[in-house]
Amino acid sequence: MVKKKVAKVLAFRYMILAGILVILAGGLVLLPKHEKHEGIKTAQLLSNVISPERYMTTDILADKLINQDPSYLLIDVRDEESYNKYTLPNAINIPLAKLLDEDSEMYLNQGQYDIVLFSNDNFYADQAWILCNRLNYKNLHVLKGGVNEWFNTIINPLKPTESMPTKAFELYTFRKAASMYFGVAYPEQFKAIAKKAPPRPKKVITVKKKKKAPAEGGC
Amino acid sequence: MGPLIPNGVIPADWDSIIAILIGIVFGFVLESSGFSSSRKLAGIFYGYDFAVLKVFFTAALVSLIGMYYMDYLGYVDVSQMYVHPTYLWGAIIGGIIMGAGFVAGGFCPGTSLCAVAIGKIDAIVYVVGIMIGVFIFSELFFLFQPLYEGSYLGNITVEDSLGVNPYWFIFTITIIAIISFAVSDIIRKRNKKIFY
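So the protein lines, in turn, are chains D and X. Sequential numbering of the first sequence, starting at 1, is according to the working numbering. Sequential numbering of the second sequence, starting at 1, is according to the working numbering.
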């Protein structure tokens with residue numbers, strides 16, 4: 001009896017298999033679609049956002065620039081106008097709006113360079129950092145304080161008052177030297193040059209020509 | 001998580017070993033389903049055996065549906081799958097040549113090697129023919145090069161080029177497959193049974 005029943009079912013085996021295929025394929029069509037999450041997981045992104053590890057101080061950046069570290073790539077995320085007015089040396093301009101373009105991807109999504117994003121403050125740079133970090137791009141940093149901080153610390157460093165610790169003076173010396181490297185002129189420099197300026201009167205060393213001794217009569 | 005090798009779950013160095021293992025299993029399945037017989041393979045052209053159509057179409061459908069379910073559940077990322085690049089005219093002309101060879105010889109390259117493994121003389125001749133063909137192609141490559149490298153369309157899929165929804169496409173293909181299976185069965189029943 002059982003065998004007969006099984007045989008009866010098996011007579012329709014191809015129909016059943018075809019039915020399974022259709023149901024499975026139809027299932028794909030009918031399943032509710034959900035937006036796929038691109039890039040890293042949300043929890044990971046959140047913990048990255050909270051972490052201040054991404055920030056790089058202007059002093060460190062100045063040090064890298066002066067030592068001409070080739071592994072750093074500076075990216076200016078401000079608009080083109082600001083970029084043309086002033087930017088950090090050798091920076092590339094990728095405005096925030098063009099950040100996810102295909103042309104920008106080859107700069108941002110790579111493992112060779114350490115990328116430093118900066119804007120006027122670190123506000124837009126942070127936004128750019130979040131977008132890129134979500135796509136799991138590597139080696140991204142944000143310049144803390146951006147161009148403004150760069151100007152306040154490196155280009156125009158504040159002179160420490162006498163009551164401040166030695167470290168502040170050391171930092172000031174470093175920043176001052178750095179600003180000189182980036183083309184800021186200090187009055188002392190001119191004084192130094194000014195001192196040099198009046199050429200010392202050349203010592204005139206008069207060399208007396210040996211007068212030929214008149215031939216004297218010998219013996 | 002998947003695909004396993006691009007995501008580093010399996011190191012890329014294992015490529016060749018995995019390929020050999022899959023190749024052995026594939027060859028075994030081909031042989032055990034009778035695909036090392038040129039009469040069975042050629043049957044599709046004469047209408048007395050549609051095993052080739054059924055097996056390959058079913059295999060494609062099962063993997064396609066399975067892959068998209070795994071993608072839906074997040075085990076595999078379909079967008080990371082390797083898509084073979086399309087050289088349009090090269091593929092069309094190559095396909096015609098291969099089809100002609102298939103009808104004439106009764107093997108496709110994979111099944112011919114299977115048949116060589118079980119010692120079929122026609123398959124040995126066929127493989128020698130393949131080798132001669134490869135030799136001629138390589139020697140005259142400068143003539144074929146424009147065709148071989150021309151009309152390059154990139155790694156496109158039907159989804160990209162026609163802009164259709166992949167799920168509906170899979171469903172349509174499934175229906176087409178089942179209709180073709182049914183039709184092929186009707187044709188086979190009308191034809192005289194051939195013993196082979």
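Because the hints were derived from the structure by calculation, they are not lab data. Check before you lean on any hint, since a few could be wrong.
[Claimed, not checked] With a straight-line cut-off of 20 Å between C-alpha atoms, the simulated EDC-like cross-links for lysine to aspartate or glutamate are:
(1) D:K176 to D:D59
(2) D:K41 to X:D71
(3) D:K33 to X:E159
(4) D:K41 to X:D77
(5) X:K120 to X:D15
(6) D:K138 to D:E162
(7) D:K33 to X:E31
(8) D:K33 to X:D160
(9) D:K33 to X:D77
We went through each hint and held it up to the structure:
1. D:K176 to D:D59: holds (11 Å)
2. D:K41 to X:D71: Answer holds: K41 of chain D to D71 of chain X is near 17 Å, not above 20 Å.
3. D:K33 to X:E159: holds (17 Å)
4. D:K41 to X:D77: Holds - the C-alpha atoms of D77 of chain X and K41 of chain D are around 15 Å apart, at most 20 Å.
5. X:K120 to X:D15: violated (30 Å)
6. D:K138 to D:E162: Violated, at roughly 43 Å.
7. D:K33 to X:E31: Distance of about 41 Å is beyond 20 Å: violated.
8. D:K33 to X:D160: With a Cα-Cα distance of about 19 Å, the restraint between K33 of chain D and D160 of chain X holds, given a limit of 20 Å.
9. D:K33 to X:D77: holds (15 Å)
In summary, the numbered hints that this structure violates are 5, 6, 7.
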